Amino acid sequence: MDDHFPHLISGLFDHPVAAEAILEEIPTALILLDARRRIRYMNRAASALTGYGPQEAKNIACHNIVRTQAYLKDSPVSKIAPDSGPVCVQSDLINRERLRIDVRITMIGLFDPPGRCLGYVDAIEDLRGSAQPKAQMQPAFGFAGMIGKSPDMENIFRTLPLIAGNDSPVLITGETGTGKDRAARAIHENSGRARGPFVKINCGALPETLLESELFGHCKGAFPGAAENRQGRFRLAHNGTLYLAEIGDMPLALQARLLNLLDNNTVYPMGGTRGFQVDVRVIAGDHRNLEQMAEQSAFRKDMLFRLNMVRLHLPPLRQRGDDIGLLTDHFLHQFSTAFGKDIREPAPEALDLLNTYSYPGNVRELRNIIKYAVNVCRQHQIEPRDLPAYLSSNIEPAAGRMEHDTRTRQEPPPGTVSGSFQPTAEGAATWAETEKQMIIEALVRTGGRRNKAAALLGWGRSTLWRKIKQYQIQ
Amino acid sequence: MSRKILIPLYGHEVAPRFDLASEAAIVSADDDGTWEKKIVVLAQVSAEKLCHMILTKDVDTVICGGIEDQYYQYLNWKRIRVYDSVIGSWKQGVEQLLKNKLYPGAIIGQQGEN
Numbered sequence: 034m035d036d037h038f039p040h041l042i043s044g045l046f047d048h049p050v051a052a053e054a055i056l057e058e059i060p061t062a063l064i065l066l067d068a069r070r071r072i073r074y075m076n077r078a079a080s081a082l083t084g085y086g087p088q089e090a091k092n093i094a095c096h097n098i099v100r101t102q103a104y105l106k107d108s109p110v111s112k113i114a115p116d117s118g119p120v121c122v123q124s125d126l127i128n129r130e131r132l133r134i135d136v137r138i139t140m141i142g143l144f145d146p147p148g149r150c151l152g153y154v155d156a157i158e159d160l161r162g163s164a165q166p167k168a169q170m171q172p173a174f175g176f177a178g179m180i181g182k183s184p185d186m187e188n189i190f191r192t193l194p195l196i197a198g199n200d201s202p203v204l205i206t207g208e209t210g211t212g213k214d215r216a217a218r219a220i221h222e223n224s225g226r227a228r229g230p231f232v233k234i235n236c237g238a239l240p241e242t243l244l245e246s247e248l249f250g251h252c253k254g255a256f257p258g259a260a261e262n263r264q265g266r267f268r269l270a271h272n273g274t275l276y277l278a279e280i281g282d283m284p285l286a287l288q289a290r291l292l293n294l295l296d297n298n299t300v301y302p303m304g305g306t307r308g309f310q311v312d313v314r315v316i317a318g319d320h321r322n323l324e325q326m327a328e329q330s331a332f333r334k335d336m337l338f339r340l341n342m343v344r345l346h347l348p349p350l351r352q353r354g355d356d357i358g359l360l361t362d363h364f365l366h367q368f369s370t371a372f373g374k375d376i377r378e379p380a381p382e383a384l385d386l387l388n389t390y391s392y393p394g395n396v397r398e399l400r401n402i403i404k405y406a407v408n409v410c411r412q413h414q415i416e417p418r419d420l421p422a423y424l425s426s427n428i429e430p431a432a433g434r435m436e437h438d439t440r441t442r443q444e445p446p447p448g449t450v451s452g453s454f455q456p457t458a459e460g461a462a463t464w465a466e467t468e469k470q471m472i473i474e475a476l477v478r479t480g481g482r483r484n485k486a487a488a489l490l491g492w493g494r495s496t497l498w499r500k501i502k503q504y505q506i507q
Numbered sequence: 040m041s042r043k044i045l046i047p048l049y050g051h052e053v054a055p056r057f058d059l060a061s062e063a064a065i066v067s068a069d070d071d072g073t074w075e076k077k078i079v080v081l082a083q084v085s086a087e088k089l090c091h092m093i094l095t096k097d098v099d100t101v102i103c104g105g106i107e108d109q110y111y112q113y114l115n116w117k118r119i120r121v122y123d124s125v126i127g128s129w130k131q132g133v134e135q136l137l138k139n140k141l142y143p144g145a146i147i148g149q150q151g152e153n
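Chains as they are written, first to last, in the working numbering: chain A, 34 to 507; chain B, 40 to 153.
Not one of these hints is a red herring.
In silico negatives: residues of chain A with every beta carbon more than 12 Å from chain B:
(1) Glu58
(2) Gly178
(3) Arg215
(4) Thr242
(5) Asn298
(6) Leu345
(7) Thr389
For each label pair, taking beta carbons as the anchor points, the in silico distance ranges come out as:
(8) A:Arg228 - B:Trp116: 35 to 41 Å
(9) B:Trp116 - A:Ala114: 47 to 53 Å
(10) B:Gly144 - A:Ser43: 35 to 41 Å
(11) B:Val79 - A:Gln325: 55 to 61 Å
(12) A:Gly86 - B:Trp116: 29 to 35 Å
(13) B:Gly144 - A:Glu222: 34 to 40 Å
(14) B:Glu62 - A:Arg228: 29 to 35 Å
(15) B:Tyr142 - A:Ser43: 40 to 46 Å
(16) B:Thr95 - A:Asp296: 43 to 49 Å
Hint data in this document are derived by calculation from the structure and do not stem from the laboratory.
None of these values were measured; they are calculated from a predicted model.
C-beta: ideal position from N, C-alpha, C; glycine also.
This is chain B alone, in the form it adopts within the complex (with noise of 0.2 Å):
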């Protein structure tokens, strides 16, 4: 079965902030472990526009930093699956959470290079 993660970035990391994300990348993962990715830019920096953009691309998953409650329990009464304050390299993110180690509040490898 194939998924699609959402990760908002900051520069190579995962955006610490859910809400101050100026771009997203969107993973699709096939069952073997390979994905690929496309780079969006958000046109506004909103968590608004952010959750309504997870429904519309039927994203399934998404790793994020931090995410305030609402829209955390609104991704999860929507059935997706949210893996917050995680911290670091999004590449690796995703190769973790493909692996099934990845963990919300998870600090992967070198973080903070910007």
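The following block holds chain A by itself, in its conformation from the complex (with noise of 0.2 Å):
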């Protein structure tokens, strides 16, 4: 910008501003181009980053001042229209002192009121600081927070980066409790869209109508109640990921819509005739037999063949032999911290006991079996006494028959009880019976505290409340 007549930002202060004075102190390198892609202004950070001062680089072409690899090939700028939001591209540069320099480009569009371009906004980020730390924080058995050291996980943490490198969308599979969720966000937190936002919606916790209107989003008065326009979960993981959980409980009309969306990258949100561009990764998950599901008309082929480009199937916990050992390890480290007890191990029959136990509920039932034990726990060993009474019974819990893939439920939802309680009812006929009898005990074993008794079910007080007053508990 010209220093002799400084350009103003009026309409937002009490008197117009000097642009200047807002832009040059931002630490993200921040250039200004025309219609044309000539740089208009760069601010200290930019100066800073590709080495030119503004003067030298005031109506230089773009390319030639941040060449980077993105610019030349496939110009981010050319993707930009005035219904899209902006466009994020990971690449390098290389700068006036002949560096490399891994950076993240988000190119923001500006548009009159016609749509007639003006100009172009575009933010640097300089990746080198945060890449460094990234990787020396991984565990030693381990990617990106999942901990395993058996030849199926040491595969998958093999696998992730490459899936993570490409733009593909995954399907991930696994049973409840396997770390699908967390696999997902490891494949972007690993990906190029990193910086992006990681959206995540279960197709199963809502109904239809809802779904469409949280995927794709509504315009105002497109149905009773929609008082306002909103942008739907894919334009919010713009630039980002998108991870549909339990795709396979999403109803067969809006997995066409899917279908569409993911075919031209276009959102239309409901009772809205224009569509929005999207740059969104679609990472999916499910617990059950998608095949199955298509053979039975229940899942769409199609979406399947479109989703399975890329798979990732995670083992059940039973099938990982030694990462019992390892989990358990890490867990009773992470719950010794948190509740500030000095637990270093579980005893030789405790860990017997963990090592025979078949986990249905994976990962995440050995979680909530050491958090329990930590918790009860008064030495410094977890001792079998410790542990959930349903493991030296030999009695699965009632969660641990509920895994097994299954479309019609008959029993309850996954996640509903935690591993960390032993339904003592024998033959209770039901699961309300059983699940009645547990929020009892749980009553009894607490003295009758609520909180106490939530947290020994591994539910939250809000849902024991709730599961009284439905089982009428005096």
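Assembling the complex is the task here: the two chains are given apart, and the hints tell you how they should meet.
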């Protein structure tokens, strides 16, 4: 910007403010381009990054100053339209000091009301500082928060960075509690979209119309109660990743809409005719056999083929051998630190019990068992008496029976019960009776204290309160 | 003494990145200031391949845009003069070189048009 005629931002404050005063000190490199992609202004951070001063760079084509691969091969500018959001790309640049620097570029188009392009704002993040500590934080046996050293898991840890490196849709399968959510996040965090949003939606948690509105957004007045425009998760995940948990629960009609979106990357909100371009990587997860569901026409085959491009199957904990010990140590350390206890290891008998249990709830169940044990343990070692009784009595908890793939759920939905409690009501006819019995026993054990009973059951306080009302427990 | 100059190209410009150029001009210039060019399309986009070509074609001068330090140092070590961070028309770059007016970081004439 010309020093003699400073550009002003008006309308925001009581008096116009020099734009330079706002932009110059922002620590992210900012470059303003005209409609022909020539540099009009760059702030101090941009000068430091590229090695060019603002006056030198003025009126020079951007690709000659910000020398990135992305600008040369497939300019992000060409993707920008008045309706689209900002475009983000991860790339590298070579600056004037001959250094190659990894960067993430976010480009925003500036348009006048009729939609004519006035110019662009280009924000460039230097990724040098963020990449190195991340690599150092990896645990010895694991990847991005997932832990294991069994051959299956080592194979997954080798595969995950490759999956993260490309931009294809991913389908993650595996029993409940095996870490599908964590794997989805690991893929996102190690991908080029890591600085973008990670948005999760559980397709099984919402009725069809609500799910449609949540996913695609809606326009004001699209249906009764739609008082305002709503963007939807796809637009929120623009330049990032959208994780569709329990994709098998998505109604077939919505699957068709999703398929259409995946093909043309355009979101049409409910009640609207204007589409919005989005750049979203989709990761889907489910614990059921989607092939079988597709055979039974409960899931669209074409959707399965579309998602099945890259598939990641997470093995159940009972097939992971030594990982049980590794995870036990990890959770023991985690909860001992969190609860301020000095518990070093499980006693050999307790470890035997843990190793022989089948873990229908997988890692989540083991985590809850250890959390419970740390809570009740009064020594420096976890003894068998500190573990939930069903481990030693060899009775599987109700959660154990609910897992195996079934479309029609006779049993409670996954995750409704933690593995930290034993339903002792043998022969209980229904799940409701078992659950009621569990609540009563938890309340008896905790002397009627609902907070503690909820913790013992692995529920929130409000869930316990709701269920007490539901079962009319006095 | 005749000179052999290589310029990685991006349309009519000097390529902004040495390692990403998909074609290059090889210029043979005589002492009287006349020169002729040959445009070479590169089979593979790579800084290593370009360095190899520079050595095998007996190039003595390179005019380029951004180049990583390791390749810059390598070419210097091989006694090849590198004018890097040059922005603008490659033909004008050659003209300026032959008039001894080119320098690293030069911004030449109209640039950015492709």
